Amino acid sequence: MQTKEQITLNKFSLQFILFALVALIIGNLFGILAGFQYIIPDFLKDLLPFTKIRPFHDSTVISWIILAATGSIYYAISNLEGLTIYSTKLTKLHFYLFLIIGVIIYISIGSGYMGGREYVAFIPILIVPILLGWALFGVNYFKTVLKQVKNWPVYYWMWGTGIVFMIFHLAEAHFWFSPYFRENFVRDLTVQWKSYGSFVGSWNQLVYGLSIYIMAKIKNDDNVGRGKLAFFFYFLGLSNLMFGWAHHTYIIPMQAWIRYAAYGISMTEWIILGYMIYDWRKSLSIEKKESNSLAYKFLIATDFWVFINLLLALLISIPIINFFSHGTHITVAHSMGTTIGINTMILFASLFYIASRIDNTIDIKQTKLIKAFYLFNGSLAVFFGALIAAGLKRSEWMYFSKNVPFGEMKISLANNYFVFLSSGIVMFIGILLLSIPLFKTFLKSYIKTVMST
Amino acid sequence: MKLTKLENKHRNRVIISVLVFTFIIYNYFVYSIGTENTGPNLSAKALKGQTLWQENNCWTCHQLYGLGGYLGPDLTNITSNPLKGENYIKGFINSGVKSMPKYNFSETEKEELIAFLKAVDQTGYFPSYNADLQPNGWVQLDYKNNDSLKKLPNN
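Chains P and U, in that order, give the protein sequences.
Quick note, in this note's numbering, the first sequence goes up one by one and the last residue is 453.
Quick note, in this note's numbering, the second sequence goes up one by one and the last residue is 155.
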């Protein structure tokens, strides 16, 4: 029997998840429209120029990650773990604040009244209520778990870390308000990209924490989140969040020791990669009872994408490789690969796990869902490959074909852009086929929860 | 057993504290001597140009130091490029191209935008064609204007 607080929290968790799924679909749609402008430059140019489509796309897909992770965490701590939330009022305030901010961001981008920077293009002052929303989440989270959970498993540490560092790095992305940063272009650009690298690291703490939580639940083994190894990887990830961001800024003329530190820290991720290969080999012979679950299938896919993206991240952290890959589509492959291949894959695992607890027919027996799973992963592989190929061509143009004009190089990339767009469209279909059944399940549960109150 | 749990709890707190302390010190140096300017600070005019750069979302298509969108070219060194320069930039802003919209900047605004791009140009090179690629995988960047950085052995 659930308490009134738990029912209210369920309602808001589901609201976060429902809006997250809507953001995923709309964000992808903007991505496709942006892709068309790479092939047909005049496409929707007057109605929705690239200067608006890209901020729409960035803001909406980031919202998908944040809302899905937040909804899943609220749902996990209250519904699955049975904890009593510190304050349902704070959750309500958190949700409505983010909803209002979302509407204002859309108005800001749609009207062209922005003034922010990459990934945070909206009216800069909006960062104040955004930080307030994260602070509300933080207070609610820590007040809930500090009181009721002893000897925290690693995922509680990760969620807490993610919230705290998200607040710091989102604020850091706006240090340019101060003339001390803004007047010095080298400092300003370095700190801007430091914050981007680290706030992605911060939401990764939320999302990776969810993946460990689901693994522990599927295996019904609490040790998954409590072992020394889990904590070792947590601290390694945290060190990378704090000090390993500089591979985006190697080329900025800052002091060499920042590059040395980032290079050294990034290379520790070889340990993760090495362990993954070892663990994968070890688990090959083990028959998995859990393989019937769609959540498990998404976690296995995540393993593959973590391997691919970690390898790419490690390679582009080596200065001599970074020198040639920086400023090319290889960087886009790195960011798309991690946000789609890792973040979205884990969030689908999380949502399918929660959905299967609501409706046990959402499982691997639904062949449509399995087809959609393969469509999504297959098209992502082609999409990723097209970006790497485009990046290699652009790098070749930058360093070895100095007399070829930019426009000519762009025309030579037309085939890559075509493959990139086509695979993006197929990926969108896959995402739709996965998201719609999830949306219906969560909506039914939401209506049921509302009716019961 | 209880002692082990207690030890684990303390161990986690100690590691977190050490990491956070190091992070604070590290940030202090990143925000100060680690990012000393390699060009002159942005003037009031260049700062207005930077505001225009942000308000018109130039970064969605263009890059500075390879950071930004890929629909248009990198503009780090466009003002010092002998084949391009100020008039070329003004011409582009006035007319637009296929995927680039026409902007209605006043002459003053165009000057401000150019002041910003000039300030950026003075800080360094991208691509850094004269960088020294070393066999151990390190890259010694080619710096502009900053003798103290040039003297450092591994820059």
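No lab work stands behind these hints, which were simulated from the structure alone.
Fair warning: this is a prediction, and the values are worked out from it, not measured in the lab.
A virtual CB, placed ideally from N, CA and C, is assigned to each residue, including glycine.
There may be inaccurate statements among the hints.
Said to hold, decoys possible - If you want the footprint, here are the derived chain P segments under chain U, 3+ residues with CB under 8 Å: (1) 70–84; (2) 106–116; (3) 184–191; (4) 214–221; (5) 254–261; (6) 324–330.
Hint by hint, here is what the structure shows:
1. 70–84: n = 0 at 8 Å, threshold three: violated.
2. 106–116: With 3 residues closer than 8 Å to chain U, the stretch 106–116 of chain P meets the three-residue bar; holds.
3. 184–191: holds (count 7)
4. 214–221: violated (count 0)
5. 254–261: With 7 residues close enough to chain U, the hint holds.
6. 324–330: It holds: at least three residues are needed, and the stretch 324–330 of chain P offers 4 whose Cβ sits within less than 8 Å of chain U.
Checked against the numbered hints given earlier, the structure breaks hints 1 and 4 and satisfies all the rest.
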